[in-house]
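Peer 1: For reference, the chains in residue letters:
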Amino acid sequence: MASTVDVSGSVRFDLRSGTVQLADDEKGVVVPAAALAALVKSAPFDARAQVGRDLGAHLGRGVVRRAGGGKSLLEADLDGVATLLAAELAVAGLGTCNLERWGRALVVHIADSPLASSPDFVAHLVEGALSAATGRALACVKLSDDGGVRVLVASEGTASRVKDWLEHGTSYADALVRLQSKGGS
Amino acid sequence: MSSQIEKLEALLARIRTNAQAPRHAHEIQIVEPETQKSAPTPPPERAPEVEVPLESRARLVTAPHAEVEEIEAEDVLELDDRHVVREDADSSETAEIQVPAGLVAKAAEPAEPPPPSSRRPIAEPAESPQEAEIQVAHPAHTPPPESGKQVAAEALTFDDDLTGVREAARVELPAPEASIQLQSVRMPAVKAPSQPDEMEVELPGTTEEATRPPPGPLPEMRAPRIESIPQPEPTQVSAEISRPTRPVAAAQVAEMIGTVQPSAPKTFGELLDLTLSL
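Here the protein sequences come in this chain order: S and R.
Per the working numbering, residue 1 is the first one in the first sequence, and the count goes up by one each step.
Per the working numbering, residue 1 is the first one in the second sequence, and the count goes up by one each step.
No lab work stands behind these hints: they were computed from the structure.
Quick reminder that beta carbons are idealized off the backbone N, C-alpha and C, glycines included.
Some hints could be false.
Which residues of chain S face chain R? A few of them, derived with a C-beta cut under 8 Å, are [unchecked claim]:
| hint | residue |
| --- | --- |
| 1 | D77 |
| 2 | R136 |
| 3 | A154 |
Not close to chain R: a few residues of chain S, all C-beta gaps over 10 Å, as computed [said to hold, decoys possible]:
| hint | residue |
| --- | --- |
| 4 | R12 |
| 5 | S17 |
| 6 | V30 |
| 7 | A57 |
| 8 | G68 |
| 9 | G80 |
| 10 | V81 |
| 11 | R104 |
| 12 | D120 |
Cβ pair distances, simulated, as ranges [as the list claims (entries may be wrong)]:
| hint | chain 1 | residue 1 | chain 2 | residue 2 | range |
| --- | --- | --- | --- | --- | --- |
| 13 | R | S277 | S | S72 | 16 to 24 Å |
| 14 | R | S277 | S | D46 | 26 to 34 Å |
| 15 | S | S144 | R | A264 | 22 to 30 Å |
| 16 | R | A264 | S | A90 | 23 to 31 Å |
| 17 | R | E270 | S | S117 | 30 to 38 Å |
| 18 | R | E270 | S | N98 | 14 to 22 Å |
| 19 | S | S181 | R | D273 | 13 to 21 Å |
| 20 | S | S72 | R | A264 | 17 to 25 Å |
Kindly produce the complete structure, drawing on both the sequences and the hints.
Peer 2: Here it is in structure tokens:
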């Protein structure tokens with residue numbers, strides 16, 4: 001994998017037709033972040049989740065394309081994958097990210113996102129990106145929104161369990177420790 | 001007897017005449033070797049200049065002695081005990097010798113003063129400057145030493161003081177007294193006098209009254225009794241080392257419960273599998 005990410009030509013502005021073309025020849029819209037945030041916040045949960053997964057899938061496909069395929073992405077190291085995912089988020093104007101490994105748990109930390117006020121939306125966005133990039137069935141749950149949005153990548157059952165712990169007052173650190181002991185059952 | 005005296009007088013007269021003879025006859029004269037005569041000789045003609053030998057030809061020649069009148073054997077008078085005149089003898093017993101008046105007058109003349117080069121006894125050094133001035137102003141007129149054979153002193157014996165080496169007098173040191181261990185005596189802490197209060201007045205004579213000894217005879221003072229502290233006999237001091245004798249069982253100090261699963265994925269796929277397995 002290349003040490004640097006070339007993002008040239010990711011967005012093309014056709015001024016004659018008044019369209020914005022993205023990397024996969026999809027049309028895009030340049031909208032203010034605040035308007036999008038307000039829209040997301042006002043949308044129902046299922047709509048927000050679906051919009052988030054769709055937006056994330058667009059990002060995930062760009063990561064795979066830049067990684068040279070799904071297999072290369074899975075064989076890539078964590079730093080490389082973090083760089084590709086951060087590049088796609090930056091091009092879309094949704095912030096940057098880091099990959100954190102807490103024991104066996106993978107945590108994606110999204111920072112500087114204009115949509116941080118809707119952390120569950122960010123979680124659905126990450127879920128859609130990783131699912132599209134890896135082709136795996138996975139679920140993401142928001143751990144915290146302090147200093148960015150931390151999202152746990154897990155199976156659907158584990159994600160629902162952790163969500164339950166957090167709703168009952170368990171800190172995300174304790175929930176991550178609890179996950180290390182045989183799934184925290 | 002009288003003839004002998006006459007001979008003696010004649011002999012004495014000759015001796016005196018010889019003594020009055022000019023002494024230069026005995027002086028050493030330097031004369032030329034060729035001219036053995038003492039008579040003056042005309043100066044020699046000046047010889048041509050010839051290298052003068054380095055060796056001087058001058059010789060020391062003594063002038064001829066004056067004729068010594070031989071004394072005949074008859075004129076020699078042998079003296080014996082009979083000619084000894086005893087002073088303590090009575091004048092009636094002494095023999096009167098008639099001596100001519102001239103001879104007696106000569107004998108009465110004062111003795112010839114000693115030459116200035118005669119030895120003088122060394123005066124003792126002055127002990128003070130005043131005494132030294134007195135000695136200079138009035139030098140001690142000591143008689144000249146008597147001529148004659150000086151009798152050598154007996155075997156020279158030097159006083160020990162001359163060498164300055166003396167045997168030191170033995171000083172007997174007092175016998176050391178038996179050592180007594182004294183107890184440490186410390187001066188008791190003296191309490192500093194407190195500052196006098198403003199209202200405190202010192203009465204005259206109070207301190208004297210306090211220090212005045214009590215009336216009556218003083219109690220008998222006794223020397224303090226000093227008791228020596230018995231010292232324990234010195235013993236050899238050495239460190240006592242306690243060493244461990246029993247071995248410490250070190251087997252199974254820590255007990256491991258369970259195993260740590262390796263969770264260091266190197267690829268993104270491995271980490272994804274781990275996180276999905278939770």
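Peer 1: None of the hints should be skipped; say for each whether it holds.
Peer 2: Cross-check of the supplied hints:
no. : hint                          : result
1   : D77                           : holds (6 Å)
2   : R136                          : holds (7 Å)
3   : A154                          : holds (6 Å)
4   : R12                           : holds (29 Å)
5   : S17                           : holds (38 Å)
6   : V30                           : holds (31 Å)
7   : A57                           : holds (17 Å)
8   : G68                           : holds (13 Å)
9   : G80                           : violated (8 Å)
10  : V81                           : violated (4 Å)
11  : R104                          : violated (4 Å)
12  : D120                          : holds (19 Å)
13  : R:S277 <-> S:S72: 16 to 24 Å  : holds (23 Å)
14  : R:S277 <-> S:D46: 26 to 34 Å  : holds (28 Å)
15  : S:S144 <-> R:A264: 22 to 30 Å : holds (25 Å)
16  : R:A264 <-> S:A90: 23 to 31 Å  : holds (29 Å)
17  : R:E270 <-> S:S117: 30 to 38 Å : holds (34 Å)
18  : R:E270 <-> S:N98: 14 to 22 Å  : holds (18 Å)
19  : S:S181 <-> R:D273: 13 to 21 Å : holds (19 Å)
20  : S:S72 <-> R:A264: 17 to 25 Å  : holds (21 Å)
Checked against the numbered hints listed earlier, the structure breaks hints 9, 10 and 11; every other hint is satisfied.
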